[in-house]
Each structure stands twice: as C-alpha cells, then as structure tokens.
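Start from the sequences and build out the full structure, keeping to the hints where you can.
One letter stands for each residue in the lines below.
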Amino acid sequence: AQTVTQSQPEMSVQEAETVTLSCTYDTSENNYYLFWYKQPPSRQMILVIRQEAYKQQNATENRFSVNFQKAAKSFSLKISDSQLGDTAMYFCAFMKWGSQGNLIFGKGTKLSVKP
Amino acid sequence: GAVVSQHPSWVICKSGTSVKIECRSLDFQATTMFWYRQFPKQSLMLMATSNEGSKATYEQGVEKDKFLINHASLTLSTLTVTSAHPEDSSFYICRGLAGETGETQYFGPGTRLLVL
Numbered sequence: 490a491q492t493v494t495q496s497q498p499e500m501s502v503q504e505a506e507t508v509t510l511s512c513t514y515d516t517s518e519n520n521y522y523l524f525w526y527k528q529p530p531s532r533q534m535i536l537v538i539r540q541e542a543y544k545q546q547n548a549t550e551n552r553f554s555v556n557f558q559k560a561a562k563s564f565s566l567k568i569s570d571s572q573l574g575d576t577a578m579y580f581c582a583f584m585k586w587g588s589q590g591n592l593i594f595g596k597g598t599k600l601s602v603k604p
Numbered sequence: 041g042a043v044v045s046q047h048p049s050w051v052i053c054k055s056g057t058s059v060k061i062e063c064r065s066l067d068f069q070a071t072t073m074f075w076y077r078q079f080p081k082q083s084l085m086l087m088a089t090s091n092e093g094s095k096a097t098y099e100q101g102v103e104k105d106k107f108l109i110n111h112a113s114l115t116l117s118t119l120t121v122t123s124a125h126p127e128d129s130s131f132y133i134c135r136g137l138a139g140e141t142g143e144t145q146y147f148g149p150g151t152r153l154l155v156l
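Going line by line, the protein sequences match chains A and B.
The first sequence maps to residues 490 to 604 in our numbering.
The second sequence maps to residues 41 to 156 in our numbering.
It is worth saying that the hints were derived from the structure and are not from the lab.
Don't take every hint at face value.
[Unchecked claim] For lysine-lysine, the following BS3-like pairs were computed, each having C-alpha atoms within a straight-line distance of at most 27 Å:
1) A:Lys562 with A:Lys585
2) A:Lys562 with B:Lys81
3) A:Lys596 with B:Lys81
4) A:Lys599 with B:Lys81
5) B:Lys104 with A:Lys585
6) A:Lys603 with A:Lys585
7) A:Lys567 with B:Lys81
8) B:Lys95 with B:Lys60
9) B:Lys95 with A:Lys603
10) A:Lys585 with B:Lys81
11) A:Lys559 with A:Lys596
12) A:Lys596 with B:Lys104
13) A:Lys599 with A:Lys567
14) B:Lys95 with A:Lys585
Remember, it's a predicted structure, so these values are computed and weren't measured experimentally.
Here is the structure:
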C-alpha cells in the first residue's frame with residue numbers, strides 16, 4: 490500500500506521569503522502522479538502543482554516549484570516570494586496510474602506567512 | 041476552468057433526520073466521483089468512490105447504509121446522510137474526475153454539516 494508522509498505539521502515564513510515543504514512517499518509502483526494541494530481557510534481544495542513520475546523535469550507553476558527525487562521518493566514544494574495569501578494547509582498527494590484516480594493524502598502542513 | 045459545485049454549503053439538522061448533499065461537475069463529465077470527510081485540522085478521509093451508473097465502492101469502516109451515494113449521471117452525484125447523529129458532524133467534500141491521469145479533476149467547495 491502507498492503512504493504519503495509530511496513530516497512538518499506547521500511552518501512559518503516571512504512575507505517575500507522562500508519556504509520548502511517536505512513530502513516523502515512509499516510505493517512499489519513505477520507509474521504514478523504526485524500533487525500538492527492548498528487548502529486555505531475557506532477549505533476549498535486548490536491544485537497547486539502536478540508531477541508525472543515518468544518526467545524527470547521538475548514541475549513549476551509561477552512561484553511554486555517542486556524538487557522531485559524519484560529514487561529517494563521525495564517530492565518537496567518550494568514557494569518563492571511568499572505572499573500572505575499563501576497561508577493555508579498544504580497537502581501532498583499520490584495517485585497510482587490506473588488506480589481509478591484514487592488520491593492518497595499526507596496529513597498536511599500548516600503554513601503561516603507573516604507580514 | 042472546470043468547476044465542481046456542492047449544495048448546500050452549510051447545513052444544520054436535528055439528530056435523526058436525513059441530509060442530502062449534491063455535487064455537480066459544471067463543465068466536464070466526471071466519470072468518477074469521490075466523497076471525503078474532513079475533521080478539523082486533519083487530512084481528507086476517503087469515504088467512497090462512485091462511477092456513473094454503478095454502485096459506489098465504500099472504504100472500510102464507512103457504513104454504506106448510512107452514507108448513501110448515488111451517481112446517476114456524469115454531472116451529478118449525491119451523498120445522503122441518513123438518520124444523522126452528532127458524530128456525523130463534519131466537512132464533506134466531493135471530487136470529480138475525468139480519465140485516469142489526474143489532469144481533469146476538481147474538488148467541490150465542501151459542505152459543513154452540523155447535527156444537533
């Protein structure tokens with residue numbers, strides 16, 4: 490069975506600085522997808538970034554980028570130029586290819602951006 | 041972009057009554073719908089998975105007779121909490137998926153249920 494571990498329950502960062510959230514996962518699969526989701530106080534789940542395991546190139550979306558290390562089963566999220574609106578819970582998630590789309594979530598990291 | 045709506049966004053009901061939550065995919069066809077519940081400061085817990093026109097598959101520990109899921113069309117899925125009790129109070133979230141690559145998948149905004 491797949492598991493996703495987020496070892497940082499809470500983190501804080503000053504506005505405009507950079508922060509990295511860690512995520513590790515355990516799987517014997519070779520084809521899968523990894524995601525970072527943001528859940529702000531409104532509790533709407535928002536997709537931040539998506540990575541296909543077969544792609545070596547790290548995914549980026551504006552200020553958000555990942556460091557995907559397949560051999561180490563690590564998938565960290567870097568947020569550059571942090572903004573107050575980045576304050577949220579961040580969930581790392583794993584999806585096995587062909588699994589009918591089931592997501593395995595980590596327990597989340599609560600990120601606070603301070604002015 | 042694609043949107044998934046949920047209705048109601050907030051519901052308060054008396055113990056023993058039933059509550060229906062609707063989840064609609066507005067501009068894509070969700071072949072699979074997932075239902076989650078989330079307690080405060082915790083992660084999402086998968087309750088069940090449903091494919092259009094088929095019976096839902098429930099996760100271990102989730103009572104299928106209590107949490108009735110219907111996925112009658114590619115744009116509508118419903119979750120009915122029957123004979124609700126205070127311990128059913130939670131945040132319920134649906135997620136619609138088209139295909140298996142995760143490119144087309146969206147979460148609904150969630151429904152807060154409070155059972156008195």
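Okay, the hints, checked on the actual structure:
no., hint, in the structure
1, A:Lys562 with A:Lys585, "holds, 14 Å"
2, A:Lys562 with B:Lys81, "holds, 26 Å"
3, A:Lys596 with B:Lys81, "holds, 9 Å"
4, A:Lys599 with B:Lys81, "holds, 9 Å"
5, B:Lys104 with A:Lys585, "holds, 25 Å"
6, A:Lys603 with A:Lys585, "violated, 36 Å"
7, A:Lys567 with B:Lys81, "holds, 22 Å"
8, B:Lys95 with B:Lys60, "holds, 17 Å"
9, B:Lys95 with A:Lys603, "violated, 47 Å"
10, A:Lys585 with B:Lys81, "holds, 26 Å"
11, A:Lys559 with A:Lys596, "holds, 21 Å"
12, A:Lys596 with B:Lys104, "holds, 25 Å"
13, A:Lys599 with A:Lys567, "holds, 14 Å"
14, B:Lys95 with A:Lys585, "holds, 22 Å"
Checked against the numbered hints listed earlier, the structure breaks hints 6, 9; every other hint is satisfied.
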